[in-house]
Amino acid sequence: MTKTSCFSHVLPHSKQAARKPVNHGPTLLIHGGAGKIVKKRIPCEEIPDDQKKEYLQAMKEALKVGCDILKRGGRAVDAVEAAIRVMEDCPLYNAGKGAVFTRSGKNELESSIMIGTPSHPAGAVTLLRTVKNPVVLAKTLMLDPDNYQVFLGGEGAEEYAKEKGLELVDPSYFWTEARWKEHLEGLGNEGKDEGKKRDGCCGDKSESDNADNSLPSYDDAVNERRTENNTKRELVGSNGDWFYMNSMGTVGAVAVDFDGVIAAATSTGGKNNKSDGRIGDSPLIGCGTWADNETCGVSGTGEGEFLIRYTLARGIASRMEHLNETVEQATSAMIDLLSKVGTEAGVVALDKYGNFTIQYNTSGMFRGFIRVSDEIPHAYIFPDDVDD
Amino acid sequence: MTKTGCFTSLQLLAKRLLPCTKQTSTHNDNKPINHGPTLVIHGGAGAILKKNLTDEKRLEYIQALKEALNIGYNILEKGGRAVDAVEAAVRIMEDSPLFNAGKGSVFTLSGKNELESSIMLGTPSHPAGATTLLHTVKNPITLAKTVLFDPEVPHVFLGGEEAEKYAREQGLETVDPCYFWTEARWKQHLEGLGKGRTKGREAEGYPNENWINGSEAEKNILHYDAGIRKGECIDPNPMGTVGAVAVDYDGVIAVATSTGGRNNKKDGRIGDTPLIGCGTWADNETCGVSGTGNGEFFIRYVIAKEVASRMEYLNESVELAASAVINRMSNVGGEAGVIALDKYGNFAMPFNTQAMFRGFIRVSDGIPHAYIFPDD
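Quick mapping for you: the protein sequence lines, in order, are chains A and B.
By the working numbering, the letter at position 302 of the first sequence is numbered 302, and the numbering carries on one by one without gaps.
By the working numbering, the letter at position 163 of the second sequence is numbered 163, and the numbering carries on one by one without gaps.
If you're looking for bench data, these hints aren't it; they were derived computationally from the structure.
One or more of the hints may lead you astray.
[Said to hold, decoys possible] Cut-off 35 Å, straight-line C-alpha distance, at most; resulting in silico cross-link-like pairs (DSBU-like, lysine-lysine): (1) K162/A / K138/B; (2) K164/A / K187/B; (3) K162/A / K112/B; (4) K57/B / K181/A; (5) K164/A / K138/B; (6) K164/A / K57/B; (7) K132/A / K165/B; (8) K66/B / K31/B; (9) K57/B / K340/A; (10) K20/A / K106/A; (11) K132/A / K164/A; (12) K71/A / K20/A; (13) K162/A / K187/B; (14) K266/B / K106/A; (15) K50/B / K132/A; (16) K106/A / K138/B; (17) K162/A / K266/B; (18) K266/B / K132/A; (19) K266/B / K78/B; (20) K64/A / K164/A; (21) K31/B / K106/A; (22) K165/B / K106/A; (23) K164/A / K78/B; (24) K31/B / K164/A; (25) K187/B / K78/B; (26) K162/A / K165/B.
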């Protein structure tokens, strides 16, 4: 079985074992989702530069906002919240405004946030329809001294948002034309999850035959998607004026501050045409988000169901903890695992020294980073993007 | 990289005063003995004092646990799938008014029942299903299983009204919300109201507002530990969950967990029970785990998966891994109990609370064993 190449953006990583690790200082990573982002519009024309610029601009703004907080000695949790707010408010990203639609044409938003201190504070929210900034609600929940809950969903969550005076909006606030078009085009195309049958999910005894980890038919289907020449899949959901935006996508941020405290957060509208009521990996601690000062902070994106079933974020931290791997090695191993089982995934992760890694196995990933040491925002979309 | 150094004295304190109670099967370190199909269940861990449980009541619980074990046994014994066995066992406990799942669930702050559950198979592709925020589904575990197997639903986790709509579409049994009501739980709900939480977030192992500084956390853990030591229930709101883990003749592990959540939880609160990796985990290569206890801790520490990770990376036995994780929870002040099982039928049932309803049965002898207190 071929392993799909894993794109990676890694800064030189200091060797941990023998000597004192180099501390790179406060660092912020962000992502705006990984997935089927194709360079070429149908028919084969380049993405207009101004569209690409818009995406990059938004990411740089998010990075700067977070960096401003960190450089003044602010907390990592405030930096990640601020960065994510920028992307939630931006209609380009699948979080907050610009979120994808459910099958029935609604927006259902979710988010989680976590801090890496010993007591593992965390907050998460899901099935939201009227909360303008889900990441703010998650953070409010986490830091509320009168509250012990970690995870709220549905009306109960929105009631709480109202009690706390968070900004609520009409559900129509989140609507954007591009996502609505994607929704309409996607209807009827989502089909059955043949993957479930091949996975052995349908309960026949051949489940145990899959013990050697080979799932040839599902894997083939996924490889098919990645082939450059296969335009059929890429046509689905495309709209003449836009390049094909990933119909998954999520936004996330991970940061470490001057106190060596790590925070991570993730926010999303979920999957295009997901079932109403579907909860993805983004609000699930250990799946889409994880933070632990002793290992790493992680925010993930990709096919949510797989991130849940393989507990991606926590998986990276466990490898660092038990196998003494670096953040890069641990992330690589988890992305490889997910590639092997035929799913798309992207991760931003860092440790408390500011060593970080951004890895993904898709055609592109909206991503960026900034260090307080030089305050230069770096933002990219495709694997071969360079700083301008 | 672990903080064992700082916590050593605390660990000793916790271990001495709060024994990590467990029942395990013998584990042969050389060639693994295969014990054959095995089912392990739990009906919740928490502060149940012996003196508060009448003999009659005690018998009722044991009876219900044995019934759940027997029904699972019947399936496994005939070569049935682990996933069907765990579903059947959990259904018994959901239908029984004694346990905090299905009928007999605790109430939210506003006096509603909100149910949740998850189920998972240990096969390589890690199939899983989960549901939450349910008000009318009679057996949440069956809904989770339906989500898992339905090829028309490419999702793992469904919640709220839409999950209930889906249940109806699938022909699952739905009931009026009052079906779940029991007098005992209603009393608990009323008694818990207004009592609030004596120490607020500190009782959850969170230090005071200055928690960002790690050392604050250490100071405040002692507070909570002292409370457990006195045998008091700091939290007047009981927890509880039901769960089952099984391995079948094919060596496939399955896990199921179901609950009504925490007494007087906020409406809309989702606990660890429907969260894969937190309350439920299954992987043939390591173990199946179902957890019960303080749900928020299970989420923040991703407990179930941690047992499996220790087995995978540290080569620990299921017994060692499960104990280690429970000890860690003791250290941070989290009430916890797990049942865990590997594909050879080795299992463990450690917990750090006063009691945990639990039991096991092996197809090899068909004898149901059910317990409540540590010394049963």
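Right, here's what the structure says about each hint:
Distance restraint check for K162/A and K138/B: the Cα-Cα separation of roughly 31 Å lies within the 35 Å cut-off, and the hinted pair is therefore satisfied. Proposed proximity of K164/A and K187/B is supported: the alpha carbons are some 30 Å apart, at most 35 Å. Only pairs whose Cα atoms come within 35 Å are accepted, and K162/A paired with K112/B is accepted, the gap being roughly 20 Å. This hinted pair does not check out: K57/B and K181/A have alpha carbons roughly 60 Å apart, beyond 35 Å.
For the suggested pair K164/A and K138/B, the alpha carbons sit about 34 Å apart, so the restraint of at most 35 Å is met. For the proposed pair K164/A and K57/B, the alpha carbon gap of about 43 Å is over 35 Å, so the pair is violated. Distance restraint check for K132/A and K165/B: the Cα-Cα separation of roughly 26 Å lies within the 35 Å cut-off, and the hinted pair is therefore satisfied. For the suggested pair K66/B and K31/B, the alpha carbons sit about 31 Å apart, so the restraint of at most 35 Å is met.
Simply put, K57/B and K340/A have alpha-carbon atoms about 51 Å apart, too far for the 35 Å limit, and the pair is violated. Proximity of K20/A to K106/A is assessed by CA-CA distance (about 51 Å); at most 35 Å being required, the pair is judged violated. With a C-alpha separation of about 13 Å, the suggested pair K132/A and K164/A falls inside the 35 Å cut-off, and the hint holds. Our distance criterion of 35 Å between C-alpha atoms is met by K71/A and K20/A, whose separation comes to about 23 Å.
Proximity of K162/A to K187/B is assessed by CA-CA distance (about 30 Å); at most 35 Å being required, the pair is judged to hold. Under the criterion of a C-alpha separation no larger than 35 Å, the hint pairing K266/B with K106/A is consistent with the structure, at around 25 Å. Only pairs whose Cα atoms come within 35 Å are accepted, and K50/B paired with K132/A is rejected, the gap being roughly 50 Å. Restraint check for K106/A and K138/B: satisfied, since their Cα atoms lie roughly 27 Å apart, inside the 35 Å limit.
For the proposed pair K162/A and K266/B, the alpha carbon gap of about 14 Å is at most 35 Å, so the pair holds. Among the hinted pairs, K266/B with K132/A is consistent with the structure: their alpha-carbon atoms are about 21 Å apart, no more than 35 Å. About 43 Å separates the Cα atoms of K266/B and K78/B, which puts this hinted pair outside 35 Å; it is violated. Proposed proximity of K64/A and K164/A is supported: the alpha carbons are some 28 Å apart, at most 35 Å.
With a C-alpha separation of about 55 Å, the suggested pairing of K31/B with K106/A is violated against the 35 Å cut-off. At roughly 16 Å between alpha-carbon atoms, K165/B and K106/A fall within 35 Å of each other, so this suggested pair holds. Of the pairs offered as hints, the one joining K164/A and K78/B is violated, with about 55 Å between alpha carbons and a cut-off of 35 Å exceeded. For the hint pairing K31/B with K164/A, the CA-to-CA distance comes to about 58 Å; that exceeds 35 Å, so the pair is violated.
Of the pairs offered as hints, the one joining K187/B and K78/B is violated, with about 42 Å between alpha carbons and a cut-off of 35 Å exceeded. For the given pair, K162/A sits about 26 Å from K165/B by alpha-carbon distance, which is consistent with the 35 Å threshold.
Hint compliance for this structure: hints 4, 6, 9, 10, 15, 19, 21, 23, 24, 25 are not met, and every other hint is.
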